[in-house]
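Colleague: Sequence:
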Amino acid sequence: QLLSGLSAQEKGARGLKSVKEHRLLNRTSCTSVPGVDDADEWRTTLAAMQGLGFASAEIECINDVVAALLLLGDVGVGADKSANVHGDSVAALDGGIASVGRISSLLGVDNAAFAAALTSIKVRETVNTMTVDAATKNRDAVLASMYSRLFDRIVQRINGAGGGEDDESFKSIGVLDIFGFEIFKVN
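Heads up, the sequence shown is in this note's numbering, so the first residue is 32 and it goes up one at a time.
It should be emphasised that the hints constitute simulated quantities derived from the structure, not laboratory data. Fair warning: this is a prediction, and the values are worked out from it, not measured in the lab. Warning: the hint list may mix true and false statements.
Stated by the list, open to error - Calculated cross-link-like contacts (lysine-lysine; reagent style BS3-like; alpha-carbon spacing at most 25 angstroms):
{"id": "1", "residue 1": "K168", "residue 2": "K153"}
{"id": "2", "residue 1": "K153", "residue 2": "K51"}
{"id": "3", "residue 1": "K112", "residue 2": "K168"}
{"id": "4", "residue 1": "K153", "residue 2": "K112"}
Let the hints inform the model, and build the full structure from the sequences given.
Modeller: Dropping the structure here:
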């Protein structure tokens, strides 16, 4: 929905491409649902967020984090041809440090530190470069953790829009996300 709903300028500013060009979204041949207008669904989501009191800056921040997640999913991890540790290939980001530049910018973090965090581990003062397999798993774990934190923050924010817990009318939501249920006419 985000990729269908954002303007070309908004997508370009975030480095986003079409659904079929992002690894996290193109793992299957099903990238759209017949009869569902993703751009319209995006407008509905935005209206709901605004109705719940999300500020424009908050919505932009959420969009930036989602964009960063999509771009992080596209970052490849390969072998550093100049290094070899005990027969294992040492990890390097495909495209080098520049491959995470836009992601770092969207997240507001230091580019070099972010790139290093994806391919190495620091214990006390010693920095060890990960193997390709470990760095790939690390990238995916960072991605999953960021997604989980964003999701939890949005749910927390929605719950907070209904009033405080001290309020007698306080209501909260829980979300059960079962793949495919969003397609039902009634769910």
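Colleague: Taking only the CA atoms, is the gap from K112 to K168 under or equal to 25 angstroms?
Modeller: Roughly 20 angstroms separates the two Cα atoms, so the pair holds.
Colleague: Quickly compare the C-alpha distance for K153 and K51 to 25 angstroms and report which way the hint goes.
Modeller: Violated, because 36 angstroms separates the two Cα atoms, which is more than 25 angstroms.
Colleague: Quick one, are K153 and K112 close enough, alpha carbons at most 25 angstroms?
Modeller: Answer holds: K153 to K112 is near 22 angstroms, not above 25 angstroms.
Colleague: Verify the proposed pairing of K168 with K153, using a straight-line Cα cut of 25 angstroms.
Modeller: holds, 17 angstroms
Violated hint for the displayed structure: number 2, the only one.
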